[in-house]
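Undergrad: Use these hints to put chain B onto chain A, whose structure you have.
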Amino acid sequence: MTIDLNNFDIGQVITKDLISLSLKSMNKKDVINELTDLLVKHGDVENKQKFVDDVLAREKEGMTGLGEGVAIPHGKSIAVKNTTIAIGISKNDIQWESLDDKPVNVIILFAVKDTDANTLHIKLLQKVAILLANEDFIKNLHTVQTKDELIDLFINTSKE
Amino acid sequence: MKIVGIAACTSGIAHTYIAREKVMKAATELGYEIHMETQGTIGTENELTSDQIKEADFVLLVVDIKIGGRDRFKGKRVVEVSTNTAIKAPKKLLEAVVTKIQNA
Chain A
1 MTIDLNNFDI
11 GQVITKDLIS
21 LSLKSMNKKD
31 VINELTDLLV
41 KHGDVENKQK
51 FVDDVLAREK
61 EGMTGLGEGV
71 AIPHGKSIAV
81 KNTTIAIGIS
91 KNDIQWESLD
101 DKPVNVIILF
111 AVKDTDANTL
121 HIKLLQKVAI
131 LLANEDFIKN
141 LHTVQTKDEL
151 IDLFINTSKE
Chain B
1 MKIVGIAACT
11 SGIAHTYIAR
21 EKVMKAATEL
31 GYEIHMETQG
41 TIGTENELTS
51 DQIKEADFVL
61 LVVDIKIGGR
71 DRFKGKRVVE
81 VSTNTAIKAP
91 KKLLEAVVTK
101 IQNA
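In order, the protein sequence lines correspond to chains A and B.
For the first sequence, the UniProt record's numbering gives the first residue as 1, with consecutive numbering after it.
For the second sequence, the UniProt record's numbering gives the first residue as 1, with consecutive numbering after it.
If you are wondering where the hints come from, they were derived from the structure by calculation, not from laboratory data.
All clues stand as given, with none of them false.
Covered stretches of chain B (in silico footprint by chain A; criterion: 3 or more residues with CB under 8 Å from a CB of chain A, positions within the stretch not fixed): (1) 10-18; (2) 21-30; (3) 40-53; (4) 83-89.
For every residue, glycine included, the Cβ atom is placed at its ideal position computed from N, Cα and C.
The shape of chain A in the complex, shown without the other chains (with noise of 0.2 Å):
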């Protein structure tokens, strides 16, 4: 894959197969396990308990509740294969470690392989938590009704 460092395109690490509109999961241990599994199916995560472990564990060591009702729990794992995030998003308020203490609906997961370092995907994973920053970008995160309204607002905010 040869890609132009100054051109590359948020685009490329959110695909429709690793977004859920509707989690099932009312808590958080499930909505990991949820969204781990689309990791899995992906071909993304080999071994779907060694990355929940290495996840939780991130989670014991400080709130990845971002507040405004977004959570970006992260695991950087030898059980990734692919670099990458899943999105999750839910109808239901789950309990989470917050800035703010409030619930969460979205869920933004990041799968991080153990020996990427100084990769074109951990420069993509940076500009998603850059747009995380952005108060409108969260806003509208909350009102998306299809996957291609969703990575939409991802590639157009990264644009601005």
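TA: This is chain B only, laid out in the frame that chain A set:
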């Protein structure tokens, strides 16, 4: 007001960059000049220059871990907070620090 800073979080994947972005935005809105280095999983980016450090009124460390190159700030006023503090209320944080410095 001129500020230099460093952002660094535990795994160096997300919080580092969210914190940098939020602090930079808040500083710009408040009319301050700011330079923020990140020390993440892919190493150091936007490394501070010695001139930037020399001119800064204070150093803002937005860090959850031990960072590299702290000796660069010898003799400077250094304020250290967690990435969570900076992500939650970046403007409030900057205003509080600046007020404290101006009243010192």
